[in-house]
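Q: Each chain is listed here by its residues.
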Amino acid sequence: MKLSDAFPETTSIVRDGIFLSAGTLYSHHPSQIVYLTRKNDIPKILQNPSISCVIITPDLVSGIPENIGIATAEDPRHAFFILQSALSHDPQFALPPFANRISQSAKIHPSAKIAPNSVAVGKDVIIEKNVVIHEQSIFDEGTIVRSNSIIGDDQYLSGALLGASGIRCSGGVHLHRETDIHANTRINRAFFKGYTEIGEQTKIDNLDAVGQGTIIGKRCLICAGVTIGELVRIGDDIWIGPNVTVESQVSVGNNVYITLGSTVRYDIEDDKVVKDNFAIDRKRFRKVMRGM
Amino acid sequence: MISQKMFLKMKSAGVADSWLMRTSVMQSIMKTCIQIFNILAPRTGLFQRVRAGSLGPGNEIDPTAIIDYQRVIIGAGCKIGKMAVIEKNTIIGSHVTIGDFTVIGSEGFELRRLSGEIIPVIHLGGVIIHDNVTIGPRACIDKSSLGEYTEIGENSVIMEGVEVGHGIKIGRNVTVMEGTMIGGYANIGNNVKIGRRCSTADGLSLGDDVVIPDHSVVTRDVKSPVRVTPSDV
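Protein chains in written order, with this note's numbering: chain A, 392 to 683; chain B, 3 to 235.
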C-alpha cells in the first residue's frame, strides 16, 4: 500500500513510500510501517532493515534515512493505531479466516471453549478442562493444553486502543509439535500479521504468561510463574527458572540457563547463565561450581 | 518414597552431569526406559491410589467446578469455587476452601533432556489436602510422580496464584503468600511463613518456624527457627 493512499490528507506526507505490513521497531515483517515518538529510537530504524515507512512527529523528520517514506502527525502513536484499525480488516494485512479444522483423534474436553472459526487442531492433541481458544490458533500434532489455560488472548489491546475503534488482532498463535502448555497459562496472539510461536517439544509450566509476537525456540523448559513480554525472541534448548521476568523486545540466544527469580532486561548471547541481572559464561560457571 | 529418592538422585548434579550419563548409549537406554514406562504405567493399576470416590455432607460446590467424582475423595463442609478443576487421585479433608480457577492434581513438570530430545515422565501420584486448608484463586497444585502424594498439612493457607510443585510436603499452619513458586520435592516444616513472589529451588527443605520475606529466592536449605533476609538465601 502507498503511504499517500493510507493517509488521504496529503499535507502530512513528507516523502511517499510503499509498505506491505505494519509492525513495531522490534518486529521483522517485510516492508513494515512503524511509528516513532522519541529521538532515541532513530538508531533502531537503521538497525532494522525491514522498515520502509515511518509515522513521526514533525521535529524528528531530519534524522530519518532517505530510502524511508515519512508521514508526520502530532501524535504518531494515535495515527498509527487509527491506520491499524483500518488495516486489521484488510485481508492483505491480517491472517485470512478459515473454517475450523479439528482432527478426529484430538481429545477435547466438552467444557473447553473453542472459537467458531480459524482454529486448526492436529492429530493427538489433548485439550483439557475450561481451556479457552481464540481465533487464529494452530495446534500441531501431539500438543497438550491443560486446564484453565487461555490461548490466543487479545486482552492487552485495550491499553493500545487510544481511541481507535474496531481494532482487531491481525495475527495468531502457533503451537508446534509436542508442545505442552500446563494449567492457568496465557498465550497472547500476535498483534500484527504473524504468529506467537512456541517451538517443538517446548514445555511451559503453570501460571505463565507469554506476550504477543514472542517466538520461543525448540526444546525449551519454562518453569512456573514466568512472565515473557512482547516481541521477545528466545533460542533453542533454554531453561528458564520459576518467577523469571523477561522484558519486552529482548532477544535470548541458544542454550541459555536463566536462574530462578531473575529479571532479563538486556539481550543475552548463546551459552550464558543468567543470575539476576548478570550474565556469565556457562562453561566457566560449571567449572567454578565443580571447584567448590 | 523410594521412587522419589530415585528421581532426586537421578536429577542431582553428581549423577546427571557424570560422564556415564553423558554417553550416547546411556542416554538412549534412559530414553527408551522412560518411554516404555510412559506407555505401560498408566495402563496398569499398580500406581492407582484412589479407587473409589466419595463426597461428604454439607459441601458447597459450584456447578461450574469440574471434579472427577469417581476418583476424588472429598470430606464434609468443603467450599469449592467457580471453574475449579480437581483431577483424579485427590483426597480432600473436611472444611477445606478452594478458590476460583484453581487446578488441583494437574500434571507435574518432570522432564528429561536425553539425546537431543525432551522426554516427559508421566505422573501417577495424587494430592492430599488435610482439614481446614484454604487455597486461594488461580493456584496450581501438581500431583506427584509414581504412587506418591503432594501433601498440604492442616490449617495451612495457600494464597492466590501460588504454584505448589510435584511431590511437595507442606506441614501444619503454613502460610504461602501470593505469587510464590515452590519447586518440586520440597519439604516444608510446620508454622512456616513464605512471603509474596518468592521462588524456591527444587528438593529444598525448610525447617519449622522459618519466615521467608517477600520476593526472595531460596536456593539452599533453611534450618529452624530463623528469619532469613533476601541477601542470606
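FYI, nobody ran anything at the bench for these hints, they're computed from the structure. Every residue gets a Cβ at the ideal spot worked out from N, C-alpha and C, and that includes glycine. Hints may be right or wrong, so weigh each one.
If you want the footprint, here are the derived chain B segments under chain A, 3+ residues with CB under 8 Å [what the hints assert, rightly or not]: (1) 49–62; (2) 107–113; (3) 116–124; (4) 138–149; (5) 199–206.
Q: Quick check: which numbered hints come out false for this structure?
A: Those not satisfied come down to hint 1.
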